[in-house]
Every structure is written in structure tokens, then in C-alpha cells.
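2 protein chains.
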Amino acid sequence: MKKIIVQKFGGTSVADTDKIKNVAKIVIREKQNGNDVVVVVSAMGHTTDHLVKMAKALSPNPSAREMDMLLSTGEGVSIALLAMAIQAEGYDAVSFNAMQVGIMTENIHTKARILDIKTDKLRKNLDAGKIIVVAGFQGVTEDGEITTLGRGGSDTSAVALAAALNAERCDIYTDVEGVYTTDPRVVPKASRLDEVSYDEMLELAHAGANVLHPRSVETAKQFAVPLRVRSSFKLDNLGTLILGVDKMEIFKPVAGVAADLQQARIVVCDVPDRPGIAAGLFGKLAKENISVDMIIQSYARKISNTNDIAFTVTLADLPKTLTVLESLKAETGASDIKVDDNIAKVSIVGAGMIDRPGIASTMFETLAELNINIKMISTSEIKISCLVDKSDAHKAVEALHKVFGLECDEIADVKGDLPDV
Amino acid sequence: MKKIIVQKFGGTSVADTDKIKNVAKIVIREKQNGNDVVVVVSAMGHTTDHLVKMAKALSPNPSAREMDMLLSTGEGVSIALLAMAIQAEGYDAVSFNAMQVGIMTENIHTKARILDIKTDKLRKNLDAGKIIVVAGFQGVTEDGEITTLGRGGSDTSAVALAAALNAERCDIYTDVEGVYTTDPRVVPKASRLDEVSYDEMLELAHAGANVLHPRSVETAKQFAVPLRVRSSFKLDNLGTLILGVDKMEIFKPVAGVAADLQQARIVVCDVPDRPGIAAGLFGKLAKENISVDMIIQSYARKISNTNDIAFTVTLADLPKTLTVLESLKAETGASDIKVDDNIAKVSIVGAGMIDRPGIASTMFETLAELNINIKMISTSEIKISCLVDKSDAHKAVEALHKVFGLECDEIADVKGDLPDV
Chain A
762 MKKIIVQKFG GTSVADTDKI KNVAKIVIRE KQNGNDVVVV VSAMGHTTDH
812 LVKMAKALSP NPSAREMDML LSTGEGVSIA LLAMAIQAEG YDAVSFNAMQ
862 VGIMTENIHT KARILDIKTD KLRKNLDAGK IIVVAGFQGV TEDGEITTLG
912 RGGSDTSAVA LAAALNAERC DIYTDVEGVY TTDPRVVPKA SRLDEVSYDE
962 MLELAHAGAN VLHPRSVETA KQFAVPLRVR SSFKLDNLGT LILGVDKMEI
1012 FKPVAGVAAD LQQARIVVCD VPDRPGIAAG LFGKLAKENI SVDMIIQSYA
1062 RKISNTNDIA FTVTLADLPK TLTVLESLKA ETGASDIKVD DNIAKVSIVG
1112 AGMIDRPGIA STMFETLAEL NINIKMISTS EIKISCLVDK SDAHKAVEAL
1162 HKVFGLECDE IADVKGDLPD V
Chain B
762 MKKIIVQKFG GTSVADTDKI KNVAKIVIRE KQNGNDVVVV VSAMGHTTDH
812 LVKMAKALSP NPSAREMDML LSTGEGVSIA LLAMAIQAEG YDAVSFNAMQ
862 VGIMTENIHT KARILDIKTD KLRKNLDAGK IIVVAGFQGV TEDGEITTLG
912 RGGSDTSAVA LAAALNAERC DIYTDVEGVY TTDPRVVPKA SRLDEVSYDE
962 MLELAHAGAN VLHPRSVETA KQFAVPLRVR SSFKLDNLGT LILGVDKMEI
1012 FKPVAGVAAD LQQARIVVCD VPDRPGIAAG LFGKLAKENI SVDMIIQSYA
1062 RKISNTNDIA FTVTLADLPK TLTVLESLKA ETGASDIKVD DNIAKVSIVG
1112 AGMIDRPGIA STMFETLAEL NINIKMISTS EIKISCLVDK SDAHKAVEAL
1162 HKVFGLECDE IADVKGDLPD V
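Residue numbers (our numbering), protein chains in the order written: chain A, 762 to 1182; chain B, 762 to 1182.
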């Protein structure tokens, strides 16, 4: 039986008919390698923005069900066009939307999760020698309702299809050349990683490296689907392979350094040292769908018998968080709520740090030498994060990237502006 | 049980978000009348042209299957937007594409015919008080392949839905105010018909009145669905009701006059008077999908024992027709093939002419008085057509319109240029 390769192309890769022709060539090259190919595509370039704009002109708050009906047409266009472009090169191709394939999801609009993918139609068409083009980002419920998968949805569609078809690999083609040791716009000597583990990738993604949405990486990890991230425009570069840590040889303790500038720190001051206070506070935040990242509770002060509780949320969630805290002020008895939105979370990530002591102290020493004050620390098995002043973030990343031996010899050729500080 | 009204809005009626808001108001007004409403919409304005242009940029001859996949996205956009616009006015609405409803068609791409429409989902949602918005122009095969219905497809979708739901009426909203006794751009005193029979409408449509595609009128006739053609922009005008002749009181013998300027006459000269010659000729033309309209075979000449066979085809089919005739020249033994593309077919149509003699002679006399030469004549139960010189067409229409008492008192307010002569 032939190997199956699933390929995924995002909106920028199919933004116009010339780019669609380029994608057709990449697809055909994989077919010529002797593999069966299933291609997942997103909507063309700015299609989604255009559709959302029309919806907003008609309704201040359009229903989620109809938004899904509307947005799912975007991939309907790109799959048909890509199938035509492949056919024009003399190869047999057929396009299917999620309803036709049977990409079954929960009945939750705008952020459904995939429950099951039917493979009969896909296998039948692959066996007939066809290249299959599938609409990403969308699904269908048992009742025939059209759903969409939310952010990173097309990546997730591709990985789930690869899992369902027991594919050899899922190749995510995008406008970056792979996963880097750190943001090449901040550190020009950032190196592209040839391999990275699912867990490292997840920590890097959560820490602000936006190559792949965490959901697609989690799905790939769950089904052990090897995932390759590579550029649709620089084909001589194989990009980065994301796979299980058991399949990797790890030479370096730290795989990457990331800075997350979209964080705010909140300190709830002088909370009585009573059981249930923290549970009440974070329970209420969770109910409002606010993700809390780092949490520190200070030791109770002997005299006042009170605590300070400090935690971080994303800047986007800050207003909602403050509303919740205000409503809880009487209940918690807090004397004050302090907000610091001038911070950044700097993280080092590496599966190799598990068995090697001293990584944390190297990080702290490096920051100390630069006179960078650490405001909070949190750790996981493969990540250490420090909260620092926003103005220190780039300097910290640069130094950590160097001290953990991640610099490459060549300077990365990466376009784009530096992230705002 | 409530009465069901099916409404259909074409591409110009939903060309932008403001026009979609206008459509939402018309839909809601019908709901406020106490009726259940099912709305069928076409793709927005120039969407289809834009999609076709992209397809042509990718492939000189895109596959029909992928064209259907591509074009069906157009109505996907308009149904979702219209549902949102209705919801924004506080009414419950839900949109369905053809696959979701179950508008079952033959497995023929770009011009499929509807075989069956499932009504369970529609009835369930109507019973729940919802306004239903359905994608016109598209269907689905038993195997889940997406099809489109070809020209006039959305009108046909609407009529077929009305038939399946046993609807009270099907209202076709368009950019004209109804069906006229003749083209108001040619005869300013043309009057709008309050009623016209299916058969008259079919003859008028075939004779060049492009208000409705004949297919939708045929379907309406087959299932006895009353059809109303009216303007989406002038709501105080009820338009024209198209219904069975048995339900009409007919006062005038002639309902309308039409001119078809898109015809060419062909004469195949000196064909031997042998059985099977005409059958061979028209059989070959039919095989090439060329519709032949008027046919005249002259009496066999005694001396040469040959015939002339004259017939008309549309200008669009003329090149294909000549190719077929050229290939048959040896077989038929024709001495010459003459083409006249400087002609027009002028027709009078009326269910009332069945029982009234003298209509034909009035027509011929009227033309004779104007010195208009009649080149061919064909008749059906409710139509008489004369082939005349193209330059005589408008003059003929004007005179016939007057002599059969079709003039109205007011001059119709119609925009648009005169058709080319």
C-alpha cells in the first residue's frame, strides 16, 4: 500500500490564482514521489475578513450558526480552485467539503472539536489514483449542521485527517521556514530547529511562538502523527519536523527561548489567610473563561494574617479580569488590586533539561548579570519562565539564546518588524 | 395549518448588504401577514462572474464537477447573510444549502434537473416558527456530489420547493415589475399583465421575453404552482400572476407580442425528395444539441425531384449548425446552403385565440399594410409566429400590439436601451 502524505496550505499560500498554481506544483511533486496525497486548504487570503465585514454590516452580533454557514464558504472556493489547478497540470484531483468527507464535530459553533472523520470516500478516491483536496477549518454535526473549528482550525483538520488515514506525515506549509530557537526578528542569529518534540513545541507555542496553534500540536501528539512545518515558497528548505521525544536524539538541554509580551500581572493585596479564598477567586475567573498563567501566593504575614496573591493573565483578558476582581472585593476582603501591564514572560524550553540540573540557575545568573529583576518564576518539566520588565525582554532573550548555545552561524533571512515593546 | 409562501430573490436583489436588508424587510412583511415563509436566494450580484474568472485563470477548461463545487459557494454566502439580516430585525431564521435540505438532482454537472426535494427538515423548522432561507441554483446527488441547475436555476429551485411544500404561491422577486404585453423598451405603451397562463408565459419566454426561464414555468405548470413575478424595489406593484388557464377569465384573444432577434434562417437547397433525408438532417442537429425552431419543407419540384428545406436556429448555434451541414453535404446532395441572419421572429401569443378565428388573418393583414414581407410562418394552438426582416421587427411589434388592443393608457416607466436591430 502506498504511503499517504497530508499537506496543509494556509490562506497566504492560496491568496491568489498564481499562488494556487504554485501550491498545485508542490502537491504534484509529492504525488510524483510515489505517495498518495490529501491536501487541506484554508480560505484564500483575506476572504474571511471580507465575509466578516459583510456580516457586521448586517448585524452587530450575528448568530454563531450563520457565521459558520458564511465562513465555511471560504474554503469551498479554495478547494475547487486548487482541484482545477491540479487537473490543469494533467493530474486527477477531486475536492470535498467537510460535509462530503464526514468530518464530524461537536454541535458547538465557531469552535467545534473534531469527534470523528469518515475515511471511506477518501480511501476510495485515493485508491482510484486521485489527489484529494479537503476543506480545512470546517466540520459537520450528526444533524448536518455546519461548524467551524476556531483559531488554528485548518492545521487541526490536517492533523486529524492524517491521524484518521494513518498517514506517514502531515506537512504544514506556511509563510515561515520552520520552528526557530527564538524569534528571528529579535535575535538574528536564531537557528531553525531540524527537529522539536511535541511537548517542546507546545511550550514554545504557549510561550508566544505562533507557528502552529497548540490544538493541532496536541492532536498530533495524541495520535503520534509526525508533523513538518515548512515554507510554501522556499522548497529547498525541509523546515522543522515535530515528533515524539522518544524518537529524538537530544543533544542540547534547551531547544528554544521565547518571550510573551501580551501578559499582565495582577496582585490582590492583603487577602485574609482563610481556606477557600484562592479557590473562589480562580474558580470565578475560570467561569468567565479567563486563563490564568503564573500564580504565586506569598506566605501569610504573621501579624495581619493576610496573603498577597499574584497571577498573570493575557492583556486581552485584563479588562474582564478586573471586572471580576472588583465584584469579589468585598468577598475576598482584599485591601488593594495592583496591575502591572509593563511586563514580559521570558521562557526557556527543552525536553533535555529534565535530567540536567543547573539549567534554572544558569538562567537566573544570566539575567542577574544583566541586572534584570525577576518578578515571578514558574516551572514545568521542560520549561522555566521568568516574569521581567517588558523593556528587558529582548535583552534577556538574546542573552539566554546565546548562553544555551542556540546561535547559528548564518543570520536568518526573515522579514517583518520587531514585536512592539 | 399556516399557508406557505415561497419567495425567490435573484442576484441583483441581494447584490450588497443594503439590498439584503431590503430583502429581509420584504420577507418579514410576508411573515407578518401570518404565512410561513421559505426564501430562495441566488448568489450576490457579480459573485458568479468573479468565481468564473478565477477558474479560467487556472484552467482553460475547468471540470464541470469542480465548477459546481466552486459556484455553489456563491449562494452559501447570500443565504447566511440574509438569515443574519432577518435575525437582526428580531425574527427567527435559519439558512440551509441544497445538501442540508436534500434538493436531490440527477448526477449531471452544470445543468442537473431536480428529482426530489426532502421536506422533513423544512417542515420541522417552519413548525418551529422559523423563516427558512434556502440556496437556489444548487442540488446534490444521491452520492453527495454537488450539482448546479444551469440557467434559470434559482427560479426552478423556488418553484420546485413550492411544489414539494404544497405552497400557496411562489413569488419571484426581480428587477422588472412583471410580465408585459410586449417589450416596454420597444413599445412605451406596453401594459403589465395582471395574469397570464403558464402556456402563454412559456410561448412569450421562448419568443424572447426573458422574465423567467422556461424551465421554471414548466415546473410551475406541471405542479400547478401559482407563480407571481414582481419587483423587489417597487412593492406597491403586485406584478403578474402566472397560473393555469382554467383559473383565468380571458377577455382578449392575444395576451402579448414578442420579437426574437437572435434567429438565423438556413435554406438547404435542392435536396433529393427521398424518405429519410429530413430525419437524417434534423437527427444530426439534435445530436449536437442544436434546437431547431421553424421548419418548412417546400413541395417537391416535379422536374428535378428535389426539395428546399428551410429552418431557423439561434444565432449562437449558427456556426455549429453550418459545420454539421457541411459534413452532411455529400450525403444530402444539397446544391447549396443559404444563410440569412438578418431576420427576426415576431409572434403573437394568447390562450384566447384558440376559439376565435380570424386572428391569423388579422396578423397577416396588419403586416401586409406595412409592406412587411413574411418569410416563414409557424403556428401553435396559442401562438402565431412570422419571420420578417430584422429591420421590420419593431414596426411589426408596435402595429400588432395596437391592433390587438394591448396598449395601456399610461406609458410604462422602464429603464434600459432598446435591443439592437
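In case anyone wonders, no lab produced these hints; they're calculated from the structure. Check the hints yourself; a few may be wrong.
What the hints assert, rightly or not - Residues from chain B that face chain A, not an exhaustive set, calculated with beta carbons under 10 Å:
| id | residue |
| --- | --- |
| 1 | 778 |
| 2 | 785 |
| 3 | 787 |
| 4 | 805 |
| 5 | 807 |
| 6 | 841 |
| 7 | 844 |
| 8 | 856 |
| 9 | 857 |
| 10 | 865 |
| 11 | 868 |
The model shown is predicted, which means the values in this text are computed figures rather than measured ones. Note that the Cβ used here is the ideal one computed from N, Cα and C, for glycine as well.
Against the structure, the hints:
Because the beta carbon of residue 778 of chain B sits about 4 Å from the nearest beta carbon in chain A, less than 10 Å, this interface hint is met. Checking residue 785 of chain B against chain A by beta carbon gives a least distance of about 8 Å; that is within 10 Å, so the hint holds. Taking 10 Å as the C-beta contact cut-off toward chain A, the hint placing residue 787 of chain B at the interface is violated, the least distance being around 15 Å. The interface hint given for residue 805 of chain B is met, as the beta carbon of that residue sits about 9 Å from the closest beta carbon of chain A, less than 10 Å.
At a threshold of 10 Å, the smallest CB-CB gap from residue 807 of chain B to chain A is about 14 Å, leaving the interface hint violated. Nearest Cβ of chain A to the Cβ of residue 841 of chain B: about 4 Å, under the 10 Å cut. The hint holds. The beta carbon of residue 844 of chain B is positioned within 10 Å of a beta carbon in chain A (closest approach about 5 Å), and the interface hint is therefore held. Satisfaction of the interface hint for residue 856 of chain B is found here, the shortest Cβ-Cβ separation to chain A being roughly 5 Å, below the 10 Å cut-off.
Hint status for residue 857 of chain B: holds, given a least beta-carbon distance of 9 Å to chain A, under 10 Å. Evaluation of the residue 865 of chain B hint against chain A yields a violated restraint, the C-beta minimum of about 14 Å exceeding 10 Å. At about 14 Å, the closest approach between the beta carbon of residue 868 of chain B and any beta carbon in chain A exceeds 10 Å, and the interface hint on this residue is violated.
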